[in-house]
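A.B. asks: So you can see what is in the structure, the chains are spelled out below.
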Amino acid sequence: MSRVVRLFFTCAALFALPAEAETLIVSVSSHQIQISSNYTGDQITVFGVVERDGRTVARADPYDLVITVRGPPRMLIVREKERLGPIWINRTQRRFPDNPVYLTVSSNRPLDEILGAEAARRERIGLANAQRLENSGLDLDASTTRFHNGLIRNLSEKGLYAEEERGVTFLSPTLFSAPIEVPATAPTGPYEVEIALYAGGVALARESTSFEVVKTGIEQRLASGAHDSPLLYGLATVALALFFGWLASVVFRRD
Amino acid sequence: MQIYLPIAELPISVLLVLGLSGAVGFISGLFGVGGGFLLTPLLIFLDIPPAVAVATVAAQVAGSSMTGVLTYWRRRTLDLKLGGVLVAGGILGTIFGVLFFNSMRRLGQLELVITLSYVTLFTTIGGLMLYDALRSALRVRAGRAVRLRRIAGTHPWWMGLPWRMRFHQSQLYASIIPIVALAVTIGFIGAVLGVGGGFILVPALIYFFRIPPAVVVGTSLFQILVTMTGATVLHAVTNQSVDLVLAVLLLVGGVVGAQFGGRAARNLDVGAFRLLLALLILAVGLRFAIELFIAPTEPFSVVLPESAR
Numbered sequence: 001m002s003r004v005v006r007l008f009f010t011c012a013a014l015f016a017l018p019a020e021a022e023t024l025i026v027s028v029s030s031h032q033i034q035i036s037s038n039y040t041g042d043q044i045t046v047f048g049v050v051e052r053d054g055r056t057v058a059r060a061d062p063y064d065l066v067i068t069v070r071g072p073p074r075m076l077i078v079r080e081k082e083r084l085g086p087i088w089i090n091r092t093q094r095r096f097p098d099n100p101v102y103l104t105v106s107s108n109r110p111l112d113e114i115l116g117a118e119a120a121r122r123e124r125i126g127l128a129n130a131q132r133l134e135n136s137g138l139d140l141d142a143s144t145t146r147f148h149n150g151l152i153r154n155l156s157e158k159g160l161y162a163e164e165e166r167g168v169t170f171l172s173p174t175l176f177s178a179p180i181e182v183p184a185t186a187p188t189g190p191y192e193v194e195i196a197l198y199a200g201g202v203a204l205a206r207e208s209t210s211f212e213v214v215k216t217g218i219e220q221r222l223a224s225g226a227h228d229s230p231l232l233y234g235l236a237t238v239a240l241a242l243f244f245g246w247l248a249s250v251v252f253r254r255d
Numbered sequence: 001m002q003i004y005l006p007i008a009e010l011p012i013s014v015l016l017v018l019g020l021s022g023a024v025g026f027i028s029g030l031f032g033v034g035g036g037f038l039l040t041p042l043l044i045f046l047d048i049p050p051a052v053a054v055a056t057v058a059a060q061v062a063g064s065s066m067t068g069v070l071t072y073w074r075r076r077t078l079d080l081k082l083g084g085v086l087v088a089g090g091i092l093g094t095i096f097g098v099l100f101f102n103s104m105r106r107l108g109q110l111e112l113v114i115t116l117s118y119v120t121l122f123t124t125i126g127g128l129m130l131y132d133a134l135r136s137a138l139r140v141r142a143g144r145a146v147r148l149r150r151i152a153g154t155h156p157w158w159m160g161l162p163w164r165m166r167f168h169q170s171q172l173y174a175s176i177i178p179i180v181a182l183a184v185t186i187g188f189i190g191a192v193l194g195v196g197g198g199f200i201l202v203p204a205l206i207y208f209f210r211i212p213p214a215v216v217v218g219t220s221l222f223q224i225l226v227t228m229t230g231a232t233v234l235h236a237v238t239n240q241s242v243d244l245v246l247a248v249l250l251l252v253g254g255v256v257g258a259q260f261g262g263r264a265a266r267n268l269d270v271g272a273f274r275l276l277l278a279l280l281i282l283a284v285g286l287r288f289a290i291e292l293f294i295a296p297t298e299p300f301s302v303v304l305p306e307s308a309r
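Sequences listed follow chains Y and P, in order.
According to our numbering, the first sequence is numbered sequentially starting from 1.
According to our numbering, the second sequence is numbered sequentially starting from 1.
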């Protein structure tokens, strides 16, 4: 690489710096949620600080923060019931490949006050925008939005999707924390945490971190036993069931 | 007290599951039916994934029918020969049922097939039984004898078909063609709906073949024991959906409940017995019919593929 080109890149990098004057330093209270037999869901705290260096211009607007947590992606099928004669049946369905089963969007104030609808769509902010729908191929048309809204309503009902308008608290103008509820029904796997910083509707910085939900102890052994040696697991279950049946007939025998 | 289910992947109240399985076990012991047709929808209602519910209930039903089989075996009210014929036919029917199940799933209409079959089957069988039970109850009140046993020398035409076989225990001498046909039908329905089929087998053996109810219950339990043992292993091997923790909870509640049910059955007269079973089956059928006819408040539903859980 010639010296001129290298100089050009150095200059470009220097000039680009002011636009990224704020940096986010974030962490989560735990990088692993362990599922044991008394597990009934857990809470993770996302916390961090907005770091400004000397060159940072003074902002007229206060900082806004949006934290998006996406659970492991799955193929989801959404069905719609329609009337056929006197009965209601599932007539149409849509597939949503690689859709997170768990999704929460926390912010320090309502999303529509933080940024505009168009920007939210572009930057994947909010429950409806967090998952891009373009990869579903030929399925994509006007009714896809209806199905996607149905999906969001269904999973919100189950506590797997949530929008927390006051979920992020600023402890000082630059220090923040946000509790993230992980319900017991949330799937195991990696969870991706994305933190986006705004001021006056302008995106300033983005940072991400992650945590995972895993089974431990007896829960993990049973689940892996069921998957790794299914025949043995099945036979063991049957043996146990028949043993219980036999035991009951002995215990309750009266003749 | 909550316990986390490793395969269903959600926590559940221990007392709630024990109570439910105890109640269903009581009904199962009372009527000699597996109880799967009640327990499976109940578990699905508690948010347990359908595949896990069906597979785990199979294990529970195997366990509680084991108790029943042993009890009836000791009392010598179990017709092993008839049971063997029923099992053989049942296996054939199960294979057809699984093939049908998979082709319907490919067509995306499985849910409709299941709901429609539940509605038609349960309301028809329940309605017929209710009618019959009420009619005989009225006859008893009018002072006329209830004709439950065959009159010597007479038999319906289907019992006179070729290949007649003698079943001593059941006091039956009949062609095995209608018996095998019945077993195939029940295996088919069982595989499609994920139920043992005892609730069809018991009334069918009583009404069509006039077999003494005491023998019918033991023999039906034997057939259920064999098919549900096979079903549990098959479910575990093919889709790893048997939840051992849930199975243990269901077993504890189920076997205890079945004991009390079995005891209550002996203090119950035949008329009330049939009336109760009829009402129970009819209620389940109507429950599904409501779902079919009432406009849903939320037309959309989300299906998590089982492998994804």
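Hints may contain errors.
Said to hold, decoys possible - Non-contacting residues of chain P with respect to chain Y, defined by C-beta distances greater than 10 Å in every case (computed):
no.: 1; residue: P11
no.: 2; residue: D47
no.: 3; residue: A59
no.: 4; residue: T77
no.: 5; residue: L92
no.: 6; residue: A133
no.: 7; residue: S136
no.: 8; residue: P156
no.: 9; residue: I176
no.: 10; residue: P213
no.: 11; residue: V242
no.: 12; residue: L286
Claimed, not checked - Some chain Y residues near chain P, calculated using beta-carbon distances under 8 Å:
no.: 13; residue: R109
no.: 14; residue: L111
no.: 15; residue: P187
no.: 16; residue: A226
no.: 17; residue: G234
no.: 18; residue: V238
No lab work stands behind these hints, which were simulated from the structure alone.
Glycine included, each C-beta is placed from N, C-alpha and C at the ideal position.
A.B. asks: Just checking, S136 (chain P) versus chain Y, shortest CB gap more than 10 Å?
C.D. replies: Correct as stated: the minimum Cβ-Cβ distance to chain Y is 31 Å, above 10 Å.
A.B. asks: Non-interface claim for T77 (chain P): all C-beta distances to chain Y beyond 10 Å?
C.D. replies: Per Cβ check, T77 (chain P) is outside 10 Å of chain Y; nearest 13 Å; holds.
A.B. asks: Just checking, D47 (chain P) versus chain Y, shortest CB gap more than 10 Å?
C.D. replies: 7 Å, violated
A.B. asks: Does the no-contact call for L286 (chain P) survive, Cβ to all of chain Y over 10 Å?
C.D. replies: 14 Å, holds
A.B. asks: According to the definition I'm using, a residue is off the interface if its beta carbon is farther than 10 Å from all beta carbons of the partner; does A133 (chain P) meet that for chain Y?
C.D. replies: Consistent with the label, A133 (chain P) stays out of reach of chain Y, its closest Cβ about 29 Å off (over 10 Å).
A.B. asks: May I ask you to test the interface hint for P187 (chain Y) with respect to chain P, counting a Cβ-Cβ separation under 8 Å as satisfied?
C.D. replies: Cβ of P187 (chain Y) sits 7 Å from chain P, so the hint holds.
A.B. asks: Does the interface hint hold: is L111 (chain Y) within less than 8 Å of chain P, judged Cβ to Cβ?
C.D. replies: 23 Å, violated
A.B. asks: Examine each Cβ of chain Y, and state whether all of them lie more than 10 Å from the Cβ of P11 (chain P).
C.D. replies: 5 Å, violated
A.B. asks: Does I176 (chain P) sit more than 10 Å from chain Y, CB to CB?
C.D. replies: Check passes; 29 Å lies beyond 10 Å.
A.B. asks: Going by Cβ atoms, does L92 (chain P) stay more than 10 Å from chain Y at every point?
C.D. replies: Non-interface label stands for L92 (chain P): nearest chain Y Cβ at 22 Å, farther than 10 Å.
A.B. asks: Does the no-contact call for V242 (chain P) survive, Cβ to all of chain Y over 10 Å?
C.D. replies: The claim breaks: V242 (chain P) does not keep its Cβ more than 10 Å from every Cβ of chain Y (closest is about 5 Å).
A.B. asks: A59 (chain P) clear of chain Y by more than 10 Å, beta carbon to beta carbon?
C.D. replies: The assertion about A59 (chain P) is violated, with a minimum of 5 Å to chain Y.
The structure is inconsistent with the numbered hints 1, 2, 3, 11, 13 and 14, although it conforms to all the rest.
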